[in-house]
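Chain by chain, the residues:
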Amino acid sequence: MKKVFSLGLILSLISTYVSQSDSEPGYVSGNVQAIGQYYQEDTLINAALPNHLYGFNGFTNINFQKGDFRAGIRYETYLNTLEGYPTSFSGTGIGYRYLTWNKDNVEVTVGSFYDQLSSGMILRAYEERQLGIDNAIDGLRLKYNPYKGIYLKSFIGKQRHVFADGLVNGNGIIRAIDAELNVNELFDSLNNSKLKVQLGGSFVSKFNNDNNTPDFILPSNVGASSARLNMRYHKWRFGGEFVHKINDPYPDNQNERFNYLYKNGEGLLFNLGYSTKGFAVDFSAKHMDNMLWRSTNVSVGPTDLLIGFLPALTKQHTYNLAATLYPYATNPRGEVSYQADLIYKIPKKTLLGGKYGTTISLNFATSYVPKRDFIDDQLTSRNSYTTQYFSRSDSILYQDINIEIKRKINKKLKFNINYFNFIFEDRAVLVAQHHELIHAQIAVLDLTYKISREHSLRFELQGLWTKWATPDQGDTQIISTGETVQRKQDQGDWAFAQIEYTFSPHWYVAVLDQYNYGNTEPKKQLHYALASAGYINGSHRFSLQYGKQRAGVFCVGGVCRAVPASNGLTFTFTSSF
Amino acid sequence: MKNAFLYLIFIAFTGIYGCDKIDNPIPPVFGDVDWSLYPGDSNNYLTLYNFDDPSSNWSANTNTSKNILLEDYTGHKCTNCPAAAVIAKQLEDDASLGVVLVSVHAGAGGAFQETDSEFITDFTTDAGDVYVVDMPGMFANPLGTINRNPTGANNTVWHASSSWANTVSTETSASLLANIQVQANHFPSTNGLFIHTETEFKDNLTGDYHLIIYLIRESVIAPQKMGDGSIDHHYHHHSILSDNINGTWGSLISSGSIANGTKFYNDFSVELTAPSADSTYDVNNLSLVTYLCERNTFKILQVVKTELN
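In order, the protein sequences belong to chains R and Z.
Positions 1 to 577 (our numbering) are the ones given, in order, by the first sequence.
Positions 1 to 309 (our numbering) are the ones given, in order, by the second sequence.
Read the hints as simulated data drawn from the structure, not as lab findings.
By construction, the Cβ of each residue, glycine as well, lies at the ideal position given by its N, Cα and C atoms.
Some hints here could point you the wrong way.
Using C-beta positions, here's what the derived DEER-type ranges look like [unchecked claim]:
| # | chain 1 | residue 1 | chain 2 | residue 2 | range |
| --- | --- | --- | --- | --- | --- |
| 1 | R | Ser-393 | Z | Ser-255 | 29 to 39 Å |
| 2 | R | Gln-525 | Z | Gly-256 | 53 to 63 Å |
| 3 | R | Asn-211 | Z | Ser-55 | 54 to 64 Å |
| 4 | Z | Asp-122 | R | Asp-42 | 48 to 58 Å |
| 5 | Z | Ser-255 | R | Gly-474 | 26 to 36 Å |
| 6 | Z | Ser-169 | R | Asn-211 | 58 to 68 Å |
| 7 | Z | Gly-256 | R | Gly-474 | 29 to 39 Å |
| 8 | Z | Pro-150 | R | Gln-477 | 48 to 58 Å |
Listed next, the in silico EDC-like pairs over lysine to aspartate or glutamate satisfying Cα-Cα at most 20 Å (straight line) [stated by the list, open to error]:
| # | chain 1 | residue 1 | chain 2 | residue 2 |
| --- | --- | --- | --- | --- |
| 9 | Z | Lys-21 | R | Asp-210 |
| 10 | Z | Lys-21 | R | Glu-500 |
| 11 | Z | Lys-21 | R | Glu-185 |
| 12 | R | Lys-408 | R | Glu-266 |
| 13 | Z | Lys-263 | Z | Asp-116 |
If you want the ones that stay clear, here's a sample from chain R, every Cβ over 10 Å from chain Z, calculated [what the hints assert, rightly or not]:
| # | residue |
| --- | --- |
| 14 | Asn-51 |
| 15 | Gly-91 |
| 16 | Gly-223 |
| 17 | Ile-360 |
| 18 | Leu-362 |
| 19 | Thr-481 |
Isolated chain R (complex conformation):
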């Protein structure tokens, strides 16, 4: 009844507005995505086999725009939720609905909305459908541009928590205000200056009293503030942001030092870059401590009700082995991180650059646990420790050194070579199969051969090698034959091969195989073969996939979701209008 009412209200408001603005045409747009997976038993890979055998995730966005007025809904269906996807998504119904209008430099949004303040450390309401993250705010938002160069924004609302035949919000209330000053727009004399300056500041507060623990006095109102500065001069650019959050204790069952921690949270993020034709360099640094915060103060799922986003200072990898075995996952308790990026294009028609030029990308990213000087105040202030900005401990969380070389040989052939060197501390994030400090190297060869104007072949070869386990990690293992053998870290070595044939503009087919040939346990030296085919027609895309998928981790921006092993048939359909 509630859903019918909300849909009716939107339609009624739309029709009212349309009748008042008959002079302007109205537009309806939308898109749909549907993924269905039929699960088969496969005890060899410990494949997921739910009782319902078939999982389905789908959604449809329908938007209407007429002049400065916009409205829309998203209808979502999880019948039953795909394995590995958060079970907090279930059923079918409306999960998102909004009305927005804009008049006289004022924009009002009623209903659901996404938003981000600066880098998102202080607030990021966003949707990452592949991860099962949707923390949209449901409330009221106002944007106002009172004067040129001055942008104000304020909103209040609750966060989407779960989907159970419809939107279910958390109990916490979020209140936010943000102001941004574009100095060059504000002063006419600076309009054409080569120095561009933007200043901003935000204040976000939450109210929540779900937690009734008798053990601690908990704050009902928790606030965070941030200040940011972005500058650009010629080919240089600089960005900096500081975030501060007051006491925001949460239960932490894994470490008493972080259990109901009352220490203030803090975050510092810097970025300095230079770019010119054929060359770019970028350096980023991040200090983050105790900045994870949610609109609730009780234990919830790891990605539930997050207000702030902890940005990742790593490159988002796309090649299978690099992306799904040891991907960077943000340490929510804190980290000191650095990243350097360098891109250089060797000019074409040179000895090294070849006829079309060669692009070399170097990337280095590393992350450490902050140096924490612990104090014994568990029975008093419970600040637990002190930190200094950018002071890191010797406990490495992650290191990624990678190089990519892209080159077009001739009109028919181009290649992409990658090398990755990872150090991955899984005891901090618990996403690999074995929780230890893992060293892994990956090499990738990606070759595309254009047979003709409409036909092309793509080959992809990947190899992953982990180090031998050290004595302190337990360097031997008793395998199923009863022998004691030297052990490789985590699951050992992997090989990956894929061949993809595309005949434009409609069809593609591909087969791939992942082979865990270096697993110390012979019984686990398995193949994961997968075949797929797809048909594309304009904005419609349909694909089928059959085979085995290994257990792994899928991460976007340092936020991860464990993907269980599965065997079966998957279909995907996407379309837009």
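With chain R fixed as given, assemble chain Z onto it according to the hints.
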């Protein structure tokens, strides 16, 4: 300008909010007790006991005598036990000895403590059943412990009743190592019992010291097998261990080295069995036996008895 005004109203609506800065997250401890057992406003209890300054509730403990806990391990089907109980009662009645008597219905195998259609009262307790296992050497009933001194059979804590008098006599000359004071407040409407203790060490000591509180029923009339094999259906069972207020091995109050003169204050609460359900739990028939025990050697440093009526 109109919009600016509206916007300011909106900011005022959503943007005026503060933060709760908590400097002291730990709630003040208002007694480690269950306040639901106190009838009425718990603040009124402060007139009975000051939790903020526990030392203010106690006068100086001038006691210089070491009392003796005599635990008579007995059973209602044990024919030799009534005779031992007589010895124990005689020792208790001699005020010069400072004996505190507790009858613990427990034994090796538990045959003497079993219930049936005639012996319907189960006098056993979880703690008693543990003691006969944890303290090595228990082999029969009746046996007793005397401040759990390991001078019994085979150098265990278990003493035959024939040696109780001599062992008690020896123990009377032992040094006083600790003093205990107890206050108890009973609230009939809730059957709630609030207990406060002061434990003072009288020497520099090292060990794991536990404070243990027994709930004692002074008298229960129930069948008992007698020495001649007959059954006395109106036998007066005396000073019966009925429950452990703070668990089998009580509360650890000090571990490691402890200095002479150190005091500890502890608070407990318990809901007693309602007299309407079992008349032997009438408060006039109840006492507390509170003692300090070194957990590794079982030795008892001091014991006091507190009547609840």
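Hint check results:
1. R:Ser-393 x Z:Ser-255: 29 to 39 Å: 32 Å, holds
2. R:Gln-525 x Z:Gly-256: 53 to 63 Å: Given a distance of about 54 Å, which is inside 53 to 63 Å, the answer is holds.
3. R:Asn-211 x Z:Ser-55: 54 to 64 Å: At roughly 35 Å between Cβ atoms, Ser-55 of chain Z and Asn-211 of chain R fall outside 54 to 64 Å, so the hint is violated.
4. Z:Asp-122 x R:Asp-42: 48 to 58 Å: 57 Å, holds
5. Z:Ser-255 x R:Gly-474: 26 to 36 Å: 34 Å, holds
6. Z:Ser-169 x R:Asn-211: 58 to 68 Å: Given range 58 to 68 Å: holds, Cβ gap about 60 Å.
7. Z:Gly-256 x R:Gly-474: 29 to 39 Å: 35 Å, holds
8. Z:Pro-150 x R:Gln-477: 48 to 58 Å: 49 Å, holds
9. Z:Lys-21 x R:Asp-210: Distance of about 18 Å is within 20 Å: holds.
10. Z:Lys-21 x R:Glu-500: Status violated; Cα separation ~59 Å.
11. Z:Lys-21 x R:Glu-185: 38 Å, violated
12. R:Lys-408 x R:Glu-266: 46 Å, violated
13. Z:Lys-263 x Z:Asp-116: 47 Å, violated
14. Asn-51: 43 Å, holds
15. Gly-91: The claim stands: Gly-91 of chain R keeps its Cβ more than 10 Å from every Cβ of chain Z (closest is about 32 Å).
16. Gly-223: 4 Å, violated
17. Ile-360: 49 Å, holds
18. Leu-362: 43 Å, holds
19. Thr-481: 45 Å, holds
Violated hints, listed in ascending order, are 3, 10, 11, 12, 13 and 16; each of the other numbered hints is respected by the structure.
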